[in-house]
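So the sequences go chain by chain: S and V. Here this note's numbering runs 562 ahead of the position in the first sequence, where the first position is 1. Here this note's numbering runs 562 ahead of the position in the second sequence, where the first position is 1.
Just so you know, these hints were derived from the structure itself, not from any lab. Incorrect hints may appear among the rest.
Copies of one chain are not kept apart here, so a pair can be met inside one copy or by any two copies together.
As the list claims (entries may be wrong) - Taking lysine-lysine pairs in the BS3-like style, the calculated list, with each CA pair at most 30 Å apart, reads:
#1 Lys1156 x Lys951
#2 Lys1216 x Lys998
#3 Lys951 x Lys669
#4 Lys951 x Lys730
#5 Lys938 x Lys1156
#6 Lys951 x Lys729
#7 Lys863 x Lys797
#8 Lys730 x Lys924
#9 Lys951 x Lys998
#10 Lys951 x Lys924
#11 Lys1156 x Lys1216
#12 Lys870 x Lys747
#13 Lys951 x Lys870
#14 Lys951 x Lys747
#15 Lys938 x Lys747
2 protein chains.
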Amino acid sequence: MNLYLPASIVEASGARRATVGFTENLAGLHIGKVALITGGSAGIGGAVARLLALGGAKVMMAARRESELQAVRARIVGELEDIGYSQAESRVGILPGVDVGKLHTLKPAVQATIAAFGRIDYLINNAGVSGAEDMVVDMDLTAWTATLDANLVSNYVLMHEVLPLMKKQGSGYVLNVSSYFGGEKYLAVAYPNRSDYAVSKSGQRAMVENMARFLGPEVQINAIAPGPVEGDRIKGTDDRPGLFDRRGRLILENKRLNSVHAAVVKAMRRGLGVEGLLSRLAANDAASLAMDADAPDELRKMALAVQKERSDDCHWGSYLMDGDIAERLIGRLRLGGCFLGLPEWQTRVGTGWLASVPPADKPYVPPRSVQEEAAKVRNGVLSLLHLGKMPTETEVALATVYFLADRAVSGETFMPSGGLSLERSITERELFGSTKRERLDMMRGRTVWLIGEHLVEYLAEAARQLVTDCQVGRVVMLCRSAEGCSALRIALRDLPPDLLHFAVVGDDLEGGIDAALSQHGYPTTIVSTPFVPLPDRLFPTAAAPDDVALSPAEFRQLVQDNLTHQFRVARKASLIDGTQLVLVSPDVPVGSDKSGASFALANFIKTTMHAFTATLAVENERLVHDVPVNQINLTRRARGEEPRNAVEHQEEVKRFGRAVLLAGAPLPDAEDSRYRSRIYRGMAITV
Amino acid sequence: MNLYLPASIVEASGARRATVGFTENLAGLHIGKVALITGGSAGIGGAVARLLALGGAKVMMAARRESELQAVRARIVGELEDIGYSQAESRVGILPGVDVGKLHTLKPAVQATIAAFGRIDYLINNAGVSGAEDMVVDMDLTAWTATLDANLVSNYVLMHEVLPLMKKQGSGYVLNVSSYFGGEKYLAVAYPNRSDYAVSKSGQRAMVENMARFLGPEVQINAIAPGPVEGDRIKGTDDRPGLFDRRGRLILENKRLNSVHAAVVKAMRRGLGVEGLLSRLAANDAASLAMDADAPDELRKMALAVQKERSDDCHWGSYLMDGDIAERLIGRLRLGGCFLGLPEWQTRVGTGWLASVPPADKPYVPPRSVQEEAAKVRNGVLSLLHLGKMPTETEVALATVYFLADRAVSGETFMPSGGLSLERSITERELFGSTKRERLDMMRGRTVWLIGEHLVEYLAEAARQLVTDCQVGRVVMLCRSAEGCSALRIALRDLPPDLLHFAVVGDDLEGGIDAALSQHGYPTTIVSTPFVPLPDRLFPTAAAPDDVALSPAEFRQLVQDNLTHQFRVARKASLIDGTQLVLVSPDVPVGSDKSGASFALANFIKTTMHAFTATLAVENERLVHDVPVNQINLTRRARGEEPRNAVEHQEEVKRFGRAVLLAGAPLPDAEDSRYRSRIYRGMAITV
């Protein structure tokens, strides 16, 4: 058996520069282990699978396409034979048809791995999707859910299956492959157009940080967060342009969409009707709109700016929009409630309203500009890395494989390219001060919406402070059920009833928001809280046997009730003029948290939400509505810092009310000072 | 050559539990490398030295005692010979007489390593001292400085020597061995009686985080932060009791000291003279003081409580103090200004004032209680670790040696026992709200001290807001020089001159504070800022050649000007009744930061200071004065978030003033709510 060692160790061990690579040192590092890797057919997953196999592990690669899996397997088996492994064929298996986006395909993958290899030592949650690559306000609920299912819920599904096995084995290791977009402990990353991805990646990290202690001493869980890595994802493949190119195009398209959208909204602020404005745009002709003295000023100026970008190799300077941009424009106006009372527009899908779309003879977006933007993105990304260069997939995989050999750490995220060094960041902080009087005074007589149902005490306190300290004119409560409304009504008996309005929205959050818009007009503040409490269950333990553990379906529901819920509110709220948005993380009621599971889940949600809040905050600065978003956390980082009795709980409730004023009162104008805008937006306050 | 592989790889690679240890996989991992390790004779350092040598590196161990170094070397050489290394003798060197506390011994150690091995690939800053193990108010300035020199400044001294060599070599790696006490990124740890240690360890981490980019792409710098590790440090040696035993004793001694001290201070608050009170204590007899109807109530009650702890195996329940406690009591009263006007007490050293000290026939502290406290500490520490057990020195060293093999990360801290999970923590947050009126009103007519000189604009703004918004009665400015006073006087021309008082303190901060106490009485707030600006220099670069780099002496001065300065102020301020203490981190003036060095240094100091602020905050809660301490940071985490022009700078200055009010106004009573006290103390606000 050839152990693949350098020809002459004695020579190599002299006091010269080391010439030995890493691969040689893998021999035996993972002997006897069995790894199940999702998405093992390419990228980092493929490289990890290869190195684990070289290190002696038996490897099962689960992915969608059989042909790619076959090819990778053949390469690895060949290498194993070269080294001298006996029965190399039997050391590497593949499972085609496994798609992390299709949750029902996951349990069979675990069963097949056990059938083939008898055990699972490493579960490597590597497969994932890059997400919708859209701004929150343009993102489809289906796309959002698909990203969270594939990148986050799938991890839980697999863990849930594998954990009992690992416990029986007496050891095991779960590794979630997260990303720089997932932030790092105490820090969320704000990168526009990636909110679904960031939330899913942040969730993978938060899962590790908060659930580690529920896996028992036998099972280790960690995350790895690769930064940008040289490889197909960045370079692109035949099917798909590379990451930077996609992003360059997206930046340009978004700029155009934002400017058309801004022109329409600004004209509407002067009282012009949305139908008339859209009919002006329908011709889709920058030149004629720019010359049209009758056209509203906002549209004319926008068209003039478009026309200046005219060039021969594309339609960018002549057509205001392509079909995609036109559809998104309509989508935004619809979501923002601009079509309420205009049923024809409210239900319109597609670009039928446009008189012309750019023909296919030339590209719509200027190719050179795409390349320029792509280069800017690349340089920006590189400047975040200490060494000024991206590691290769193999380098990241090598670091991962060494990391996997180290059994001392659990609950941590390993960043093989070094930690984050970001221009824009969010961290959690604690409520310390109170709100300036001049900000509170701006709420006098205005309408505030409180969305929620189960946090009765907190919502009631917020309402009370809003009415008493800010003299708001109207508090609209959007509850899920009639029972929720009643409970709130009782809790608020002490307030003048004519100031309070209640509405039941059921599961139709969007419809409820539209109805509130029609009935009460634009709110100054929207506070969004979850409708349901957290479960106090997680993985099975001695105290909580199998049948009371949190099932995959329940975990998925938890994600929907807390993360998707906030996405749905935020997507609409971000399109409402003059609103401040406050998102609230789930609570852990005093004394309810017997196993610590709800505390862990609350911190999981809270940390994951930071990614959403931070991303939405920078996205919203690019929109004409400029809605600031901040987060209030009801759960502290350490269990020992949580309120421990009724008195401290009452203090927390009061502090929540103060935090609502702090984050919900109109904020300093972002355009006034970039410095201030960096401070007042996308923050999380723990009360 | 025997590569130390398992007897039968084929068998071991079957689908069974892995039986191969880690050591076998070290073969060749560090071939060709040369490591210089400080403190390599024992503990983690010794284990790392051994494993690096097994992995093929040549190792130089530098420590104080020759005999221990010889013994370790002999063991390692023997192992190398067993494995089959040729010329094992020449692969391991020792450098006795190297003491990180004696900075002049370090440069020769580098020179000797080069002379022996021709290069240095790994500089492992492992040696350190455990520090004074005292509360801040009891800690000697010499002890503080010694800890910072040995654990922190020594790292810079060695890096400064080694860096040019590594750059010439084209590669190199600096590893600082920090500690859990050093916190982690964005988080400081508060553990009483370890402020000097925590600051030095936090500094090692902050150094790595902030200086990595100045080492160039060739040289990597990281830290490792072991948590509690099974080994001599914990278990103790013949010379010295183990860590938990020391700590158990310290907790008991401190409780006694705090209760005697509290009794004296409470009686003084009623107007009783300190001399009379001390003469009551001089008999040092709990029984008679408890029975003495003439004694002040506070002393009598304290003596009664002492007497209740009487037991046959110690003097704990009969003598109020031992010599050590008595000395500390006098030290606290002196530092707190209780002896101003009593020159005899002011200069008294030792326990001559006591009529009797406990005889040596029995221990003073009850041995069983020490063991009980030690067990509590041990359990508390274990509960912080995910796996519920401490790793061994070899396990931590193994993780370190793998980590050293991975070249992709720079600027990070690796935590082989997992990240922190702490009850009490501090993070940085940003100024968001303003101060409640009722807190500001409590400052009306009171005296505030502003200590500083170079931050004229900031100090002036704080004074202005204190006078205008809080109607304080008096602002006392303690400057280093007469020029500093003049500059401040000019900046404050618009304020009523009779409210402002200026004093020049030179280098005698303590004397200046005593003088201010005598002249102006107790302040409600003390704001402490550094006296001098940061240098804008760090390691030599192409832009900044060797001769303008920051020398080791300058680095040491920087530590003194910013960290020791705050320690000196805080030590006295924490003993002043009714005071709030605000510590301010250094600024980076807009446009001054050409190389980024001052930004890096500002973040280095700021992060390191968090450890001090957090620790002092919990210590102060145990003292009768209960002085809250908070920190204001003038430097943001990301350079792009710093003010970029005069307008934004002015905003920052205004925000600083608001932050002074927020942190400096009297705080909610800690005894009133532990929940609130966790929130309002030991925080850092970035403006």
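Now for the hints, and whether the structure bears them out:
1. In this homomeric assembly, lysine 1156 and lysine 951 come within 30 Å of each other (Cα to Cα) only across copies, at 23 Å, whereas the closest approach inside a single copy is 48 Å.
2. Taking CA atoms no more than 30 Å apart as the test, lysine 1216 paired with lysine 998 passes in both settings, with 17 Å inside one copy and 14 Å between copies.
3. In this homomeric assembly, lysine 951 and lysine 669 never come within 30 Å of each other (Cα to Cα): the closest approach is 39 Å inside a single copy and 33 Å across copies.
4. Taking the shortest Cα distances, lysine 951 and lysine 730 sit within 30 Å of each other only across copies (21 Å), while inside one copy they are farther apart (43 Å).
5. Proximity of lysine 938 to lysine 1156 under the C-alpha cut-off of 30 Å is restricted to the inter-copy arrangement: shortest distance 23 Å between copies versus 51 Å within a copy.
6. Proximity of lysine 951 to lysine 729 under the C-alpha cut-off of 30 Å is restricted to the inter-copy arrangement: shortest distance 18 Å between copies versus 41 Å within a copy.
7. Taking the shortest alpha-carbon separations for lysine 863 and lysine 797, neither the intra-copy value of 38 Å nor the inter-copy value of 77 Å comes in at or below 30 Å.
8. Neither within a single protomer nor between protomers do lysine 730 and lysine 924 lie at most 30 Å apart by alpha-carbon distance, with minima of 62 Å and 54 Å respectively.
9. In this homomeric assembly, lysine 951 and lysine 998 never come within 30 Å of each other (Cα to Cα): the closest approach is 46 Å inside a single copy and 49 Å across copies.
10. In this homomeric assembly, lysine 951 and lysine 924 never come within 30 Å of each other (Cα to Cα): the closest approach is 35 Å inside a single copy and 66 Å across copies.
11. Proximity of lysine 1156 and lysine 1216 under a CA criterion of 30 Å is satisfied intra-copy only: 25 Å inside one chain copy versus 46 Å between copies.
12. In the homo-oligomer, the alpha carbons of lysine 870 and lysine 747 never lie at most 30 Å apart, since the shortest distance is 45 Å inside one protomer and 48 Å across protomers.
13. For the identical chains of this complex, lysine 951 and lysine 870 are neighbours neither inside a copy (37 Å) nor across copies (68 Å), given an alpha-carbon limit of 30 Å.
14. In the homo-oligomer, the alpha carbons of lysine 951 and lysine 747 lie at most 30 Å apart both inside one protomer (24 Å) and across protomers (23 Å), since each shortest distance falls under that limit.
15. Taking identical chains as interchangeable, the C-alpha atoms of lysine 938 and lysine 747 lie at most 30 Å apart whether they share a chain (28 Å) or sit on different chains (29 Å).
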